[in-house]
Amino acid sequence: MEVSESLQKAILGYFTNNLTKEEARELRAWLKEDSSHSDYIAQMKELWHFSGTLNPHVYDTERALKKLRKKIDWRNIRPVYTKTFTVNLRILNRIAAILLVFLSIGIVTAIILKKYQPKNELLSFIEMTAPKGAKSFITLSDGTQIWLNADTKLKYPVNFGINKREVFLEGEAYFKVAKNKLYPFRV
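In terms of this note's numbering, the sequence shown is residues 1 to 187.
The set of hints was computed from the structure by calculation and includes no laboratory data.
Keep in mind that this is a model prediction, so the values were computed, not measured.
For each residue, glycine too, the CB sits at the ideal point set by N, CA and C.
Errors might be hidden in some of the hints.
Restraint-style ranges between C-beta atoms, simulated for each label pair [to be verified]:
#1 98 / 66: 50 to 60 angstroms
#2 20 / 45: 14 to 24 angstroms
#3 103 / 162: 28 to 38 angstroms
#4 65 / 16: 26 to 36 angstroms
#5 116 / 141: 30 to 40 angstroms
#6 66 / 20: 50 to 60 angstroms
#7 29 / 66: 12 to 22 angstroms
#8 99 / 138: 46 to 56 angstroms
#9 33 / 13: 11 to 21 angstroms
The whole structure should be built from the sequences, with the hints applied where relevant.
Quick look at the structure:
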């Protein structure tokens with residue numbers, strides 16, 4: 001017997017108690033057409049029943065969880081890792097003392113090495129040149145102003161004014177020197 005797809009949906013809805021009004025109307029009309037249709041429904045219902053889907057078993061998860069909790073004996077449960085770490089205060093004090101000795105030796109060594117190291121002054125210089133036929137003007141970091149005549153070279157350290165104020169001059173220049181009693185200006 002050939003049954004349409006919409007009628008199959010109606011029969012399935014009938015078995016699962018999930019039948020819409022339209023499907024119920026269509027199913028009733030189909031059953032009235034022929035008595036063999038009733039036999040077909042009876043056979044399908046029997047197959048449905050044997051397949052176990054007619055009354056699907058609803059699983060109660062809450063009840064299963066309660067049953068599982070009853071079976072578990074919470075008193076016998078022990079943690080997997082039970083080893084604890086205890087700190088012995090004597091051992092900790094010894095370790096701290098050893099570290100303190102090494103730290104002190106390191107600090108004293110660093111101080112001694114720094115004291116006896118020769119001081120390397122920065123030997124980097126800045127060189128300014130006034131080309132032939134032109135004059136140049138420079139203001140140094142301490143405020144000293146210098147006017148260079150043509151074909152003159154002025155050379156001074158990068159750290160000018162920190163420890164001393166010294167410049168090297170080849171040619172002619174006019175200086176307006178900023179006053180500083182601690183570090184005299186030398187050319």
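Evaluation of the provided hints:
1. 98 / 66: 50 to 60 angstroms: Holds - the Cβ-Cβ distance for residue 98 and residue 66, about 59 angstroms, lies within 50 to 60 angstroms.
2. 20 / 45: 14 to 24 angstroms: With a Cβ separation near 19 angstroms, residue 20 and residue 45 satisfy 14 to 24 angstroms, so the hint holds.
3. 103 / 162: 28 to 38 angstroms: holds (33 angstroms)
4. 65 / 16: 26 to 36 angstroms: At roughly 28 angstroms between Cβ atoms, residue 16 and residue 65 fall inside 26 to 36 angstroms, so the hint holds.
5. 116 / 141: 30 to 40 angstroms: holds (31 angstroms)
6. 66 / 20: 50 to 60 angstroms: violated (38 angstroms)
7. 29 / 66: 12 to 22 angstroms: violated (49 angstroms)
8. 99 / 138: 46 to 56 angstroms: Holds: the Cβ-Cβ distance is about 55 angstroms, inside 46 to 56 angstroms.
9. 33 / 13: 11 to 21 angstroms: holds (19 angstroms)
Violated hints, listed in ascending order, are 6 and 7; each of the other numbered hints is respected by the structure.
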